[in-house]
Amino acid sequence: MINLKTYLKFLSRNKLYTFVSIVGFSISLMFVIILGLYVRQELSIDDFQKNKNRIFLMTHDNHAPFGNTVAQYVKDNTPEVESFVRVHSRSVAIGQKGNDKIQAQALFADSTFFRIFSFPLIEGNPERVLEAHKSVVITRTFAANIFGTENPIGKSLFIKDEEHTITGIMEDMSVNSILPKADFVANYNSITIFWNNQILETSNNFGFNMFFLAKPGTDLPSKAPMLLKLFKEEFWYFKEGYSNDLEFIPLKEAYFKAERSGFDDLHLNSRSTIMVYMAIAILVLVIALLNYINLTVAQAGFRGKESAIKKLLGSSKAKLVSQLLAESLLITTITFLAGLFLAFLTESFFNNVLNTTLDLAHQFTPAMIVVSILLLLIVSFLAGIFPALIISNFNPLEVVKGTFSRRVKSSYSKVLIVFQYIVAIMLLICAIFIQRQSDFLINYDMGYNREGILEISNRGLDVTQIDGFKAKLLEIPGVELVSFSIGTPLNGGENYSYTDNGQQYSFQEFRIDSAFLQIYGITIEPTGIQPSKNIFYWLNEDGYKAVEVDSVTQTFRPWGNEDKVEIAGIFSDFKIRTLYRDYNQLRMRWRRSNETPDDIIVKMIPRTNYYNTAERIEKEYAQYTGGELYYGRFVDDKVQQNYESVQKMSSIMNAFTLLTIIIMVMGVFAMSLYLIRQKEKEIALRKINGATEEEVLLLLNRDSLKRVVIAFVIACPAAYYAMTKWFENFPYKIGLSWWVFVAAGLAVLFLTLVSVSYMTWKAARANPVDSLKGE
Numbered sequence: 000m001i002n003l004k005t006y007l008k009f010l011s012r013n014k015l016y017t018f019v020s021i022v023g024f025s026i027s028l029m030f031v032i033i034l035g036l037y038v039r040q041e042l043s044i045d046d047f048q049k050n051k052n053r054i055f056l057m058t059h060d061n062h063a064p065f066g067n068t069v070a071q072y073v074k075d076n077t078p079e080v081e082s083f084v085r086v087h088s089r090s091v092a093i094g095q096k097g098n099d100k101i102q103a104q105a106l107f108a109d110s111t112f113f114r115i116f117s118f119p120l121i122e123g124n125p126e127r128v129l130e131a132h133k134s135v136v137i138t139r140t141f142a143a144n145i146f147g148t149e150n151p152i153g154k155s156l157f158i159k160d161e162e163h164t165i166t167g168i169m170e171d172m173s174v175n176s177i178l179p180k181a182d183f184v185a186n187y188n189s190i191t192i193f194w195n196n197q198i199l200e201t202s203n204n205f206g207f208n209m210f211f212l213a214k215p216g217t218d219l220p221s222k223a224p225m226l227l228k229l230f231k232e233e234f235w236y237f238k239e240g241y242s243n244d245l246e247f248i249p250l251k252e253a254y255f256k257a258e259r260s261g262f263d264d265l266h267l268n269s270r271s272t273i274m275v276y277m278a279i280a281i282l283v284l285v286i287a288l289l290n291y292i293n294l295t296v297a298q299a300g301f302r303g304k305e306s307a308i309k310k311l312l313g314s315s316k317a318k319l320v321s322q323l324l325a326e327s328l329l330i331t332t333i334t335f336l337a338g339l340f341l342a343f344l345t346e347s348f349f350n351n352v353l354n355t356t357l358d359l360a361h362q363f364t365p366a367m368i369v370v371s372i373l374l375l376l377i378v379s380f381l382a383g384i385f386p387a388l389i390i391s392n393f394n395p396l397e398v399v400k401g402t403f404s405r406r407v408k409s410s411y412s413k414v415l416i417v418f419q420y421i422v423a424i425m426l427l428i429c430a431i432f433i434q435r436q437s438d439f440l441i442n443y444d445m446g447y448n449r450e451g452i453l454e455i456s457n458r459g460l461d462v463t464q465i466d467g468f469k470a471k472l473l474e475i476p477g478v479e480l481v482s483f484s485i486g487t488p489l490n491g492g493e494n495y496s497y498t499d500n501g502q503q504y505s506f507q508e509f510r511i512d513s514a515f516l517q518i519y520g521i522t523i524e525p526t527g528i529q530p531s532k533n534i535f536y537w538l539n540e541d542g543y544k545a546v547e548v549d550s551v552t553q554t555f556r557p558w559g560n561e562d563k564v565e566i567a568g569i570f571s572d573f574k575i576r577t578l579y580r581d582y583n584q585l586r587m588r589w590r591r592s593n594e595t596p597d598d599i600i601v602k603m604i605p606r607t608n609y610y611n612t613a614e615r616i617e618k619e620y621a622q623y624t625g626g627e628l629y630y631g632r633f634v635d636d637k638v639q640q641n642y643e644s645v646q647k648m649s650s651i652m653n654a655f656t657l658l659t660i661i662i663m664v665m666g667v668f669a670m671s672l673y674l675i676r677q678k679e680k681e682i683a684l685r686k687i688n689g690a691t692e693e694e695v696l697l698l699l700n701r702d703s704l705k706r707v708v709i710a711f712v713i714a715c716p717a718a719y720y721a722m723t724k725w726f727e728n729f730p731y732k733i734g735l736s737w738w739v740f741v742a743a744g745l746a747v748l749f750l751t752l753v754s755v756s757y758m759t760w761k762a763a764r765a766n767p768v769d770s771l772k773g774e
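Numbering that gives the first Met the number 0 puts the sequence shown at residues 0 to 774.
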């Protein structure tokens with residue numbers, strides 16, 4: 000019969016071993032639980048869709064957006080297609096003009112939406128619920144928030160002042176889907192309220208995503224080459240060579256394979272990021288297991304008398320092994336429960352860092368509990384079997400002679416400690432580089448002013464109100480300049496792609512006023528001509544070099560036809576949107592008086608309270624537009640938001656690196672305590688023979704130094720390779736500086752020496768008589 004009383008006494012007497020084992024293992028298992036559930040959730044994306052094996056996202060070059068007419072064209076020319084659904088997601092204002100409005104997340108979709116996707120309806124027929132032109136299906140939560148206990152069916156919902164009719168109620172949309180969570184789904188034709196009717200009739204605007212439902216038993220992806228040939232004859236984007244790729248990606252793969260583009264309508268993730276988190280979870284578990292094994296093996300020598308007595312009294316090897324495995328199960332269960340408790344405490348932090356909703360309380364279904372118990376048993380077995388086999392195979396006479404503890408130490412601890420050093424150095428190098436890259440992206444000089452600039456999306460002002468609103472804003476203390484434009488450096492303006500004399504061009508165009516140049520600090524070098532027409536352009540340096548410019552008249556063809564326009568000046572290059580992609584060709588022109596601006600840009604006086612001023616601007620905007628929703632952002636804040644994924648990965652890496660170093664330090668400290676005890680007699684003899692305290696210190700620290708050097712030599716190439724691969728995703732990046740590798744190695748060495756210094760100093764100063772008096 001297994002008796003754990005002796006083990007519990009051992010734990011109570013060896014408090015350092017108990018503390019390091021339980022705390023280190025608990026924190027590690029917290030990470031494993033959080034990251035494991037996150038990876039499981041991400042890999043189960045859209046598993047609830049009944050048609051998941053027949054739904055495909057059409058892409059070109061891994062980008063999903065196409066023109067709206069493309070969907071019907073594909074269906075007409077591909078018998079394998081049963082149906083299609085186009086989707087467009089955006090934030091909208093809900094409410095009638097002149098009344099207070101609320102902001103809601105809308106998903107515009109074709110009437111086939113509920114036939115293709117398996118989002119459950121509470122009320123409404125999935126075949127007909129979205130057939131009407133201005134029909135809307137709202138979620139259960141949105142219905143409760145807007146209508147309370149009233150039945151909303153048949154009631155009106157005003158979207159951008161346009162009346163729509165509620166025809167159905169659906170369950171709240173799952174966050175575990177490629178489709179973004181929305182408050183309601185509206186008939187796709189309603190996207191015309193943001194553009195015009197032509198947006199549904201043209202293929203020129205490549206900004207919309209479309210899913211296709213394949214007929215059962217057909218191979219839709221195999222039809223992509225045939226369609227690509229047709230596309231090259233039918234659609235400008237393929238005719239002019241902007242893409243030579245077409246692919247139907249299965250629904251579950253699309254979540255990881257498709258890239259953000261167009262109107263950013265899809266909820267996507269990176270498979271490589273998920274694999275990194277999975278690797279982190281596995282690595283954390285391995286480190287925790289090795290640390291526990293190392294400490295247990297180190298303790299084996301000091302538990303030798305207990306085990307020797309059991310063996311001499313007739314205890315079998317199998318019984319010793321089962322006893323030690325039971326001890327492992329006990330401590331693993333304690334640490335798992337502690338880790339689970341820590342996971343619940345840190346859930347909100349990880350939800351923010353991972354940009355997800357883990358909802359741990361609902362993750363532990365009966366099936367998940369069974370899986371957790373099985374994993375607990377496996378981890379317990381892995382943690383206990385190695386020490387159990389070592390201890391059960393010893394010779395009792397070795398315990399009496401005192402050779403067992405020395406053999407255990409020399410045979411098993413060194414490799415495990417070196418492995419921990421390797422992981423710690425690698426992670427520290429990677430964490431430093433990721434943090435430096437994050438800071439580099441955020442602080443990169445984009446070529447325009449960023450401080451104190453507020454950009455507001457214009458959702459309520461027409462051209463007749465611009466001058467009056469500008470005057471109101473300039474009356475607000477703290478406001479220095481106001482500009483009205485179509486396009487800003489942050490949103491990238493509008494794209495104009497065309498071919499001229501066989502050469503392809505893709506310009507981002509900004510329509511501006513004079514204040515725009517002052518606000519962003521953009522300087523223009525005149526070309527030396529006086530524009531003779533109302534329409535003329537300024538080009539950036541790269542754009543000017545790219546186009547065919549008539550050197551005498553300073554004209555070029557901006558649309559690819561015969562019409563020529565004068566170039567009045569050249570402005571210095573600046574970066575638009577983000578640094579993930581280079582946009583080399585930029586152009587600007589004056590915004591005409593009849594063109595409604597998309598953007599209101601406010602430059603604030605330096606050293607004023609920017610956020611208080613922004614609140615004044617928001618109130619003025621709401622009052623002036625009759626309650627229209629306000630959406631404003633500071634340029635600096637948006638730049639940081641653009642690199643949120645890198646910042647969050649940096650946070651995860653920093654936390655994981657810190658955890659690894661803490662486990663390493665605790666483990667090395669505990670190991671040093673036991674290893675130095677084994678050398679007490681050797682140290683005493685050396686001191687009697689004339690060794691100084693400094694020589695003893697050097698002797699005791701020399702092994703630690705050797706292990707760190709070995710780990711450093713192995714870790715550096717591995718970290719260099721990992722970072723080289725990671726940096727391939729960034730056009731703008733920092734260099735892999737040599738000093739980071741050296742700093743990481745020195746940091747681990749310093750922490751190692753600090754963690755063992757107290758024990759080595761104490762051993763070096765000990766009276767040798769105390770160690771030898773029992774001999």
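Because the hints were derived from the structure by calculation, they are not lab data.
Wrong hints could be hidden among the right ones.
As the list claims (entries may be wrong) - Straight-line C-alpha distance at most 20 Å; calculated DMTMM-like pairs for lysine to aspartate or glutamate:
#, residue 1, residue 2
1, 154, 130
2, 637, 562
3, 316, 346
4, 469, 512
5, 471, 581
Said to hold, decoys possible - Restraint-style ranges between C-beta atoms, simulated for each label pair:
#, residue 1, residue 2, range
6, 615, 370, 37 to 45 Å
7, 173, 547, 25 to 33 Å
8, 243, 358, 48 to 56 Å
9, 581, 606, 32 to 40 Å
No experiment lies behind these values; they were computed from the predicted model shown.
By construction, the Cβ of each residue, glycine as well, lies at the ideal position given by its N, Cα and C atoms.
These are the hints, each one checked on the structure:
1. 154 x 130: holds (16 Å)
2. 637 x 562: violated (38 Å)
3. 316 x 346: With a Cα-Cα distance of about 44 Å, the restraint between residue 316 and residue 346 is violated, given a limit of 20 Å.
4. 469 x 512: Answer holds: residue 469 to residue 512 is near 13 Å, not above 20 Å.
5. 471 x 581: Status violated; Cα separation ~38 Å.
6. 615 x 370: 37 to 45 Å: violated (55 Å)
7. 173 x 547: 25 to 33 Å: violated (52 Å)
8. 243 x 358: 48 to 56 Å: 43 Å Cβ-Cβ, so the 48 to 56 Å window is violated.
9. 581 x 606: 32 to 40 Å: Holds, at about 34 Å.
Consistency with the previously given hints fails for numbers 2, 3, 5, 6, 7, 8, ordered from lowest to highest.
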